[in-house]
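Chains as they are written, first to last, in the numbering used here: chain A, 287 to 564; chain R, 6 to 314; chain F, 157 to 674.
Because the hints were derived from the structure by calculation, they are not lab data. Don't be surprised by glycine CBs; every beta carbon is placed ideally from N, CA and C. Take the hints with a grain of salt, since some may be wrong.
[As the list claims (entries may be wrong)] With a straight-line cut-off of 27 Å between C-alpha atoms, the simulated DSS-like cross-links for lysine-lysine are:
| hint | chain 1 | residue 1 | chain 2 | residue 2 |
| --- | --- | --- | --- | --- |
| 1 | F | K593 | F | K306 |
| 2 | F | K609 | F | K586 |
| 3 | F | K303 | F | K609 |
| 4 | R | K58 | F | K612 |
| 5 | F | K563 | F | K586 |
| 6 | F | K593 | F | K303 |
| 7 | F | K272 | F | K375 |
| 8 | F | K513 | F | K550 |
| 9 | F | K282 | F | K358 |
| 10 | F | K609 | R | K58 |
| 11 | F | K418 | F | K375 |
| 12 | F | K358 | R | K58 |
| 13 | F | K550 | R | K58 |
| 14 | F | K358 | F | K472 |
| 15 | A | K559 | R | K58 |
| 16 | F | K367 | F | K418 |
| 17 | F | K472 | R | K58 |
| 18 | F | K314 | F | K375 |
[Said to hold, decoys possible] Here chain R is said to cover these stretches of chain F; the calculated rule only asks that three of the stretch's residues, wherever they fall, bring their Cβ under 8 Å from a Cβ of chain R:
| hint | segment |
| --- | --- |
| 19 | 210-218 |
| 20 | 238-252 |
| 21 | 375-389 |
| 22 | 428-437 |
[To be verified] Here are some chain F residues the structure puts well away from chain A; computed CB gaps all over 10 Å:
| hint | residue |
| --- | --- |
| 23 | K418 |
| 24 | S419 |
| 25 | K550 |
| 26 | V552 |
| 27 | Y567 |
| 28 | N594 |
| 29 | E618 |
As a plain string of letters, each chain reads:
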Amino acid sequence: MKKSWTFARIREFLRLNPKILIGLILVSFFAVMSLIGQFWTPYIVTRMDASSVSEAPSLLHWMGTDNFGRDVLSRVMNGSGITILVALITVLIGGIIGTMIGALTGYFGGIVDEIIMRLNDILLSFPSVLLALLLISFLGPGTINVVLALGILFIPSFARMVRSEVIRYRDRDFVRNARLQGIRPLRIILIHILPNARISILTAAAIGFNNAVLAEASMSYLGLGVQPPTPSLGRMLFEAQSFLLNCPWYAIFPGITIILMILGAALLSEGFKEVSGA
Amino acid sequence: MQAIVKKLFSLILTVLVISFLTFIIFSIIPGNAALAKLGVDASPEQIAAMEEKLQLNDPVIIRYGRWLFGALRGDFGESLQYSGVTVGELLGSRLPVTMVLAGISFLLIVLLSVPVALFCVKFRDRLPDRILTVLGQVMMAVPAFFLGILITYIFGLLLRAFRPGAYEGLSLRYLFFPALSIAIPKIAMTVRFLKSSVRGELSQDYVRTARAHGASEDQVLKNHVLRNALIPVITFLALVIGEILAGSIVAEQVFSVPGLGRLLITSISARDYPVVQAIVMYITTVVVSLDFLVDLLYRLVDPRLRRGG
Amino acid sequence: MKRSLAILLAFGLILSAVLTGCASDGKKEETGEDAPKHTETEPSYGGHLVYGMTQDLVSLDPHESTDAGTRSVVFNIYEGLVKPSSSGDLIAAVAEDYQIDQAGTEYVFTLREGIKFQNGQEVTLKDIEYSFNRYAEFSGENSAFVKSVKELSFPDEKTVRITLTNPDSEFLSELTFAIIPDGNDPNENPIGTGPYMVTEYKAGQYLDLSKNQYYWVEKEPYLDTVRFKFISDVNTAFTELQAGTIDVLNYLTTAQVEALKKSAGDEFRIVEGNMNLVHAMYLNNQAGPLSDVRVRQALCYAVDRDAINSFLFAGKSIIIGSHMTPQLPTWYEPAAASVYTYDVQKAKDLLEQAGYKDGFDLTITVPSAYSQHVDTAQIIADQLSLVGIRVTIKQVEWTVWLSDVYKGRDYEATVIGFDGKLNPSDWMAKYGTDAPKNMMNYSNAEYDELLEKALKAVDTEEKASYYKQMQMNLAENAASVYIEDPADFVAMNSQFDGYVFYPTTAWDVSKIYQISGK
C-alpha cells in the first residue's frame, strides 16, 4: 500500500514537470554509466591494440576505437565520471566559497567589502587562462590540481553575483524588519536573503557546472587538463580534432555525451526552479 | 562624487597590485626567457650570457621598479622572445585586432540575445521557447576550441566562406567567424540569464501588485521588470566582456588571428614577461574600468546607492 | 699522408659536387602510385610559396644560439664559409675552395670569386673577420670554437687561414657560422649571402623573403618570394594547408596524411623523409630504481618500439638503439638497434633480479606542446603496465621542461627528440660524465675514455670506430630507451616540387620550384 502511494506521488510530481523527468533520466543515466565506468568497462580504458586501430563502431566496439585501438565506449564511460567529478567539485568549491564571500561582503559593506571586492576584482580581471596557467605551474599538473585551479577561478564570479543579489535585498523592508527584531546577521543572510537569491544562485551553479566541463576541455587544449592516458571528455575531444574527417566517431561520442550531460543538468535545475514556484 | 574619486583611486591601485603580482609570479614559476629562447643547444655559458643580457639576474624588486618607471613614461621595454622588437611595436599591431574582434563579438551577443530572450519570455513554455532553450543548451555545451574548429571546417573548408589563416589587415569579413565562435555560447548564456532574471522579477510582489492594478503585460515588462532586472544584467554583461577577452585567446589560436590573446599565450610560454605584463595591464584596465562603469550605472539606476557604500 | 687522405674522404667529394652545381639530390622519396611522374617535373621560375611552421621564429640573428625551427628558416638567408648539404657533407659556400693541412691544424679557405651580399656589396675579408669575431663573442670564451682557434689570419686578399691549437677533424662543421657584412647588426638589418633576402619580418606572425639576385649558385633560387608563416597550433596549421593558405607543412601526423590523401589526393604531394632526431625515452640514470642498469634494461625490453613506430609514423620511422641518427652513416652503428628486442618476460625477469618484482612508480615528464611526445608517453605507459610499472604522465610547458628537466635534471623519465649537427660529438658528447648537457646523468668510465679518444682522433676511420663503440656502450648500459628517428611527412601543394631533406636543421626553399605549366 505504502509503496504505491509513493509511486503515485512521484508520478504526479513528474507529470507536473516534464523537464524534471527528462533531466532526471539523463542525469541518472550518465551518473550510473560513469559510476560503472569507474569499476568496470568492456575493455581496459588505457589498453592499446595495434590490431584494431581506428575501427568504426561495430558490435565489438559500440563506439569504435581510437587511433591507438582503445575502445571509445570504455573511455567515454570512464572519462565522463572524471569529467563529472571535476565539474562538481569545481562548482562546489567556487559556489560555496564564492557565495560566502559575496553574501558577507554584500551584507556588511564597508571597508572589508571594499578590500575583499578589490581582491575579487583582481582575480576576476586577471585573464582566466593566465591564472590557470600560473596556478598549474604552481601546483603542477594532475586531476586534483585542475579541480583546485578551476575552483579558485570560479570563486570571483559567484561572489560577485551573490553580492549584487544581497545588495538588492539588504535594504528591503523584510530585511529591515528582521534586523529590527534583533536577528543575527548570519541568520538574516541565511534565512531571509539567500533563499530569495536562490534562483540566481541555482542558475549560476548550473551554468557553473556547464562552464567547468568546458573549462576542463579548454585546459586540455592547452595541455593543462586531466593528464593522459586518463580520459576526460574534454581531453578526448581535444585528441579527436585531427581525426574529424577520417574517424568522426572519436569526436561524436564524447561530444554527444558532454551535450546530453549538460542538457540533463540544466533541465533538472530549471525544472526544480519551476516546481519551487519561481 | 567623493565615492567616485575613491573608486577611481582603487581602480588605479588594483592595476598596480596586479602588475606587481604578475611580476612576482613570473619570477617564481619555473623557466625563464633565456632558456626558452635558446632551447637545448646552448651551452650553460651562452644561457648565462643571455640571462645577463636580458637582465634576468637582477632582484625582482629592482626589475619591477625599472619596469614600473618605464611603464609610467609609456615605455614598456623590449620583448625578450623576439630580438630587437619593442613591446610597444608588438602591442600596437595586435591590440586593434583584438579590439575589433571583441567588438564584433559583443555586438553579436547584444543584438541577438536581447530579442531572443524577449521572444522566449513571450512564448514562455511553448514550442518556440522550448526549441530555443534546447538549442541554447547544446550551444553552451560545446567547448570553445571545438566550436572554433567546427566553424572553421564548415565555413572555411566546406562552404569556403573564408580562407582559414588567410588573415590580412583588419578584415571584418575574416574576423566575423572567430567572433561568431566566441559569441555563440555567450549568446546562449545571456539569453538564459535574461530569461531567468526577467522571470524572477515577474514573480515579485510588486509585479503582482501592478497587474492587480490593471497594468498591461507590456507595461509591466517595460516600466517595472526591465528596470529592476537591469542591475544584474549590467553586471552580467560586464562579466561577458571579460569572458569575450578570455574567449578571444582560444579563438585567435584556432583561427590564427594575430591578436593579443595569441601573443599572450606565446609570451607566457616564452616567459616574455614584459609582453605578458603589458597585455595583463591592458586586460586588467579594461575589466576594472568596466567594473567602475557598472558601479556608476548602478548609481544611476538605483538612487538608493547614491548615498555611498 | 694517410691522415690527410682520410680527411679528404671524410668530407666527401665536395669539390666535384660544387663544381657540377648539383641541384636537388636529397633523399627524396615520393609516395603514391604516380610517384615517378613527379620526379620528372619541369621547374619554372617565379612564383610565391607560403611555408607553414608551428615553431615561432625568435631571431634573425644567425650568431645567436636559437631553437631548431629558427635555424631551419635562417638557413635560407645566411651562409658560412662552408654549409651543410642535403647528403650530410659540408660544401664550400662563401669560400670557393679549402684545404686542410696534414696535421689537421691549419684550415685555408679561398674566397669565392665575385660573391656578393644580398645588397650587392662584395664580400671581403673584413666581413669574414667581423663575422668570425662576432660569432666567437656570441659563443662565449669557454666554447669549443673559441678554445680551438689559435689564430685567424689573412695571407692575401682572397685567403683565410685558421690555425687550431690542437688537431680537430670535426672543426670544419663550426665554420658554417654566417658571414655578414662588416659592422652589420642582423637584428636591425639582416643581410647574408644566402639564396633569399629578408623583406619583412612581423614577430610572431611571418617572415617574408625575396629572391637574392646576386646568389652564387647558378639557376637558383627558383621562387620569387617566400613567406614563412608561424601558426602556433598544429591542427590550425593543417586546416590552413587544406584551405590553400599555406603551401608546405612538415611534421604531419599519419592521421593528417591519411586525411589529405582521402580528401584531396591530387592537390598535395606527400614527401617522406626523417626528422633526424634521436627520439627516445630519456632516463635519469641517478633517479631511484633507474640507477640500476637491470631496471633500465628491463625498460628497453618492455618498450615495443615497433608499436610506437606503427601507431605514430605508419611504420616509416627508422628504429634505433643508441644516440645517433642513421642519416650520418659514417658515424652510425647499426648493430645498436638490435641490442634489445621486445620481450616482456625478459623485462619481468630483470625487474625481479633488481628487486622490483611488483614493479615501481615511474613519472614521465613530457613537454605538452609536442603531441608526438605526449602520445609516445601514452603508448609507453600502456606497455610498461604489462610488466607492472605504474606510469604517471606529467605534461609541462616547454619552458618548464627546459628549466626543470633539461637544466635542473629533476625528473625520472622524459620523452623528447634531440637533433644534432654534422659532427658526431655534437650528438654524443652529452653523455660524458661532466658534460654540461648530460641531462641523463650518465656516468661511465669506459664511455668517457672513448669520448676523449674520439675527440682527439684525426683519422676518420679510427674516430668512427670510437663513436661506434660509444653507441654500443650506451645501448648495452641502457642509458635511455632509444626508439626511432621519426619519419617526417611533408605535405606540399602539388603545383610545387623540389623539397629536399637535410640531415641537419634546414628547410631549404632555394630548391623548391613551381612546376612548369601549373
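Comparing the hints with the structure gives:
Simply put, K593 (chain F) and K306 (chain F) have alpha-carbon atoms about 26 Å apart, close enough for the 27 Å limit, and the pair holds. Of the pairs offered as hints, the one joining K609 (chain F) and K586 (chain F) holds, with about 15 Å between alpha carbons and a cut-off of 27 Å not exceeded. Under the criterion of a C-alpha separation no larger than 27 Å, the hint pairing K303 (chain F) with K609 (chain F) is consistent with the structure, at around 18 Å. Only pairs whose Cα atoms come within 27 Å are accepted, and K58 (chain R) paired with K612 (chain F) is rejected, the gap being roughly 34 Å.
Annotation: proposed proximity of K563 (chain F) to K586 (chain F) holds, straight-line Cα distance about 13 Å (limit 27 Å). Between K593 (chain F) and K303 (chain F) the alpha-carbon distance is near 18 Å, which keeps this suggested pair within the 27 Å criterion. Distance restraint check for K272 (chain F) and K375 (chain F): the Cα-Cα separation of roughly 16 Å lies within the 27 Å cut-off, and the hinted pair is therefore satisfied. With a C-alpha separation of about 25 Å, the suggested pairing of K513 (chain F) with K550 (chain F) holds against the 27 Å cut-off.
Distance restraint check for K282 (chain F) and K358 (chain F): the Cα-Cα separation of roughly 31 Å exceeds the 27 Å cut-off, and the hinted pair is therefore not satisfied. Between K609 (chain F) and K58 (chain R) the CA atoms are separated by roughly 37 Å; this puts the pair beyond 27 Å, and the hint is violated. Restraint check: the Cα-Cα separation between K418 (chain F) and K375 (chain F) comes to about 36 Å, which exceeds 27 Å; the hinted pair is violated. Between the alpha carbons of K358 (chain F) and K58 (chain R) the distance comes to roughly 23 Å, so the proposed pair stays at or under 27 Å and holds.
For the given pair, K550 (chain F) sits about 32 Å from K58 (chain R) by alpha-carbon distance, which is inconsistent with the 27 Å threshold. As the CA atoms of K358 (chain F) and K472 (chain F) are separated by approximately 36 Å, the hinted pair breaks the 27 Å bound. Between K559 (chain A) and K58 (chain R), the direct Cα distance comes to roughly 61 Å. Violation of the 27 Å bound is thereby established for this hinted pair. Distance check on the hinted pair: K367 (chain F) and K418 (chain F) sit about 35 Å apart at the alpha-carbon level, beyond 27 Å; violated.
Restraint check: the Cα-Cα separation between K472 (chain F) and K58 (chain R) comes to about 43 Å, which exceeds 27 Å; the hinted pair is violated. A threshold of 27 Å between alpha carbons decides the hint, and for K314 (chain F) with K375 (chain F) the separation of about 25 Å falls inside it, so the pair holds. Evaluation of the coverage hint for the segment 210-218 of chain F: fulfilled, as 5 residues show C-beta separations to chain R shorter than 8 Å, against a requirement of three. With 0 residues having a beta carbon nearer than 8 Å to a beta carbon of chain R, the segment 238-252 of chain F misses the requirement of three or more and the stated coverage is violated.
Residues of the segment 375-389 of chain F with a Cβ under 8 Å from some Cβ of chain R number 4, which satisfies the need for three, so the listed coverage holds. As drawn, the segment 428-437 of chain F meets chain R at 0 residues by the rule of a beta-carbon pair under 8 Å; below three, the given contact is violated. Not every CB of chain A lies more than 10 Å from the CB of K418 (chain F), the least distance being 6 Å, so the non-interface label is violated. For S419 (chain F), the requirement that its beta carbon stay farther than 10 Å from each beta carbon of chain A is not met, with the minimum near 6 Å.
Annotated as non-interface, K550 (chain F) brings its C-beta within 10 Å of a C-beta of chain A; the closest such distance is 6 Å. The non-interface label for V552 (chain F) is inconsistent with chain A: the shortest C-beta to C-beta separation is roughly 7 Å, within 10 Å. A cut-off of 10 Å between C-beta atoms confirms that Y567 (chain F) is not in contact with chain A; the least separation is 12 Å. With a minimum CB-CB distance of about 25 Å to chain A, N594 (chain F) clears the 10 Å threshold, and the non-interface call stands.
No beta-carbon of chain A is positioned within 10 Å of the beta-carbon of E618 (chain F); the least distance is around 43 Å.
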